[in-house]
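Engineer: Take a look at the letters that make up each chain.
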Amino acid sequence: KAGVTQTPRYLIKTRGQQVTLSCSPISGHRSVSWYQQTPGQGLQFLFEYFSETQRNKGNFPGRFSGRQFSNSRSEMNVSTLELGDSALYLCASSYRDPSYEQYFGPGTRLTVT
Amino acid sequence: AQSVTQLGSHVSVSEGALVLLRCNYSSSVPPYLFWYVQYPNQGLQLLLKYTSAATLVKGINGFEAEFKKSETSFHLTKPSAHMSDAAEYFCAVTGGATNKLIFGTGTLLAVQP
Numbered sequence: 001k002a003g004v005t006q007t008p009r010y011l012i013k014t015r016g017q018q019v020t021l022s023c024s025p026i027s028g029h030r031s032v033s034w035y036q037q038t039p040g041q042g043l044q045f046l047f048e049y050f051s052e053t054q055r056n057k058g059n060f061p062g063r064f065s066g067r068q069f070s071n072s073r074s075e076m077n078v079s080t081l082e083l084g085d086s087a088l089y090l091c092a093s094s095y096r097d098p099s100y101e102q103y104f105g106p107g108t109r110l111t112v113t
Numbered sequence: 001a002q003s004v005t006q007l008g009s010h011v012s013v014s015e016g017a018l019v020l021l022r023c024n025y026s027s028s029v030p031p032y033l034f035w036y037v038q039y040p041n042q043g044l045q046l047l048l049k050y051t052s053a054a055t056l057v058k059g060i061n062g063f064e065a066e067f068k069k070s071e072t073s074f075h076l077t078k079p080s081a082h083m084s085d086a087a088e089y090f091c092a093v094t095g096g097a098t099n100k101l102i103f104g105t106g107t108l109l110a111v112q113p
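Those protein sequence lines, which keep their order, are chains A and B.
Per the working numbering, the first sequence runs over residues 1 to 113.
Per the working numbering, the second sequence runs over residues 1 to 113.
Don't take every hint at face value.
Claimed, not checked - Straight line, CA to CA, 25 Å or less: simulated SDA-like cross-link-like pairs of lysine to any residue:
no., chain 1, residue 1, chain 2, residue 2
1, B, Lys58, A, Glu101
2, B, Lys58, A, Lys13
3, B, Lys69, B, Arg22
4, B, Lys58, A, Gln54
5, A, Lys57, B, Pro79
6, B, Lys68, A, Lys13
7, B, Lys69, B, Asn41
8, B, Lys68, A, Gln37
9, A, Lys13, B, Asn41
10, A, Lys57, B, Gln45
11, A, Lys13, A, Gln37
12, A, Lys57, B, Gln2
13, A, Lys57, B, Val29
14, A, Lys57, B, Tyr50
15, B, Lys58, A, Asp97
16, A, Lys57, B, Arg22
17, B, Lys58, A, Arg96
18, B, Lys69, B, Gln42
19, A, Lys57, B, Ala87
20, A, Lys57, B, Lys68
21, A, Lys57, B, Ser28
22, A, Lys57, B, Lys58
23, A, Lys13, B, Gln42
24, B, Lys69, A, Asp97
25, B, Lys68, B, Ser26
26, A, Lys57, B, Thr105
These aren't lab readings, by the way, just hints derived from the structure by calculation.
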């Protein structure tokens, strides 16, 4: 079974631009979660989507948004990029709830200059 | 509310020695607990998880963890360290119906020859 895939793997953007990251979950998984990883703040939860609905949201500004499609693929968007948005963005997929494993993708490394 | 504390941001052991990585959690609901490993420039790989089925959980690569409710702990151990175990390890907790993971700050394990 193919793992979680994230595209692109690396991205360089300029402050003020916007960016869209994509995540394709493992086949059959309906839950997709997004995390931001930085050296200073560690791993922080952004949001979770289940069956195209946002099920949970972390403490990030409204510039961070996401969505999930009917095939469970998910995208996250960051508008008006700031230097502090530079991070590794990780996506995780699962069948449904925490009793099932969450599998992580390799991440997208975003650098904002 | 849930939280995780990992004691020791850096742990160094000799090859063949016992590995002990500490994790204490706080949760207002019955927790699900996880240990993940991250190698440089990669995503997170699930080592093991606790979902209340058994207090001693065996994972991949010879790792295991014991859930101790009285101590609110979920420490990760491996009897004999291998050079390939050098990586960063994260303890995480969640609860309820969503997959929102709360991560600890991570422990960087170094294995000396």
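Engineer: So, for every hint listed, does it hold in this structure?
Structural biologist: Against the structure, the hints:
1. Proximity of lysine 58 of chain B to glutamate 101 of chain A is assessed by CA-CA distance (about 14 Å); at most 25 Å being required, the pair is judged to hold.
2. Pair hint lysine 58 of chain B plus lysine 13 of chain A does not hold up; C-alpha atoms about 42 Å apart against a cutoff of 25 Å.
3. A threshold of 25 Å between alpha carbons decides the hint, and for lysine 69 of chain B with arginine 22 of chain B the separation of about 14 Å falls inside it, so the pair holds.
4. For the hint linking lysine 58 of chain B to glutamine 54 of chain A, the alpha-carbon distance of about 33 Å lies beyond 25 Å, and the restraint is violated.
5. This hinted pair does not check out: lysine 57 of chain A and proline 79 of chain B have alpha carbons roughly 39 Å apart, beyond 25 Å.
6. The hinted pair formed by lysine 68 of chain B and lysine 13 of chain A fails the criterion: a straight-line CA distance of about 46 Å is larger than 25 Å.
7. Restraint check for lysine 69 of chain B and asparagine 41 of chain B: not satisfied, since their Cα atoms lie roughly 34 Å apart, outside the 25 Å limit.
8. The straight-line distance between the Cα atoms of lysine 68 of chain B and glutamine 37 of chain A is roughly 29 Å, outside the 25 Å bound, and the hint therefore fails.
9. Taking the CA atoms of lysine 13 of chain A and asparagine 41 of chain B, the gap is near 19 Å; set against the 25 Å cutoff, the hint holds.
10. With a C-alpha separation of about 23 Å, the suggested pairing of lysine 57 of chain A with glutamine 45 of chain B holds against the 25 Å cut-off.
11. The hinted pair formed by lysine 13 of chain A and glutamine 37 of chain A meets the criterion: a straight-line CA distance of about 17 Å does not exceed 25 Å.
12. Restraint check for lysine 57 of chain A and glutamine 2 of chain B: the C-alpha separation of about 15 Å stays at or below 25 Å, so the hint holds.
13. Proposed proximity of lysine 57 of chain A and valine 29 of chain B is supported: the alpha carbons are some 19 Å apart, at most 25 Å.
14. Annotation: proposed proximity of lysine 57 of chain A to tyrosine 50 of chain B holds, straight-line Cα distance about 24 Å (limit 25 Å).
15. With a CA separation close to 21 Å, the supplied pair lysine 58 of chain B and aspartate 97 of chain A stays within the 25 Å bound.
16. Distance restraint check for lysine 57 of chain A and arginine 22 of chain B: the Cα-Cα separation of roughly 28 Å exceeds the 25 Å cut-off, and the hinted pair is therefore not satisfied.
17. At most 25 Å may separate the alpha-carbon atoms for a hinted pair to count; lysine 58 of chain B and arginine 96 of chain A meet this at roughly 23 Å.
18. The straight-line distance between the Cα atoms of lysine 69 of chain B and glutamine 42 of chain B is roughly 32 Å, outside the 25 Å bound, and the hint therefore fails.
19. At roughly 29 Å between alpha-carbon atoms, lysine 57 of chain A and alanine 87 of chain B are farther apart than 25 Å, so this suggested pair is violated.
20. Note on lysine 57 of chain A and lysine 68 of chain B: the hinted pairing is violated, with a Cα-Cα distance of about 29 Å set against a maximum of 25 Å.
21. At roughly 19 Å between alpha-carbon atoms, lysine 57 of chain A and serine 28 of chain B fall within 25 Å of each other, so this suggested pair holds.
22. Taking the CA atoms of lysine 57 of chain A and lysine 58 of chain B, the gap is near 31 Å; set against the 25 Å cutoff, the hint is violated.
23. Restraint check for lysine 13 of chain A and glutamine 42 of chain B: the C-alpha separation of about 21 Å stays at or below 25 Å, so the hint holds.
24. At most 25 Å may separate the alpha-carbon atoms for a hinted pair to count; lysine 69 of chain B and aspartate 97 of chain A meet this at roughly 22 Å.
25. Only pairs whose Cα atoms come within 25 Å are accepted, and lysine 68 of chain B paired with serine 26 of chain B is accepted, the gap being roughly 12 Å.
26. Between lysine 57 of chain A and threonine 105 of chain B the alpha-carbon distance is near 20 Å, which keeps this suggested pair within the 25 Å criterion.
In summary, the structure is inconsistent with hints 2, 4, 5, 6, 7, 8, 16, 18, 19, 20 and 22 from the numbered list given earlier, while agreeing with the others.
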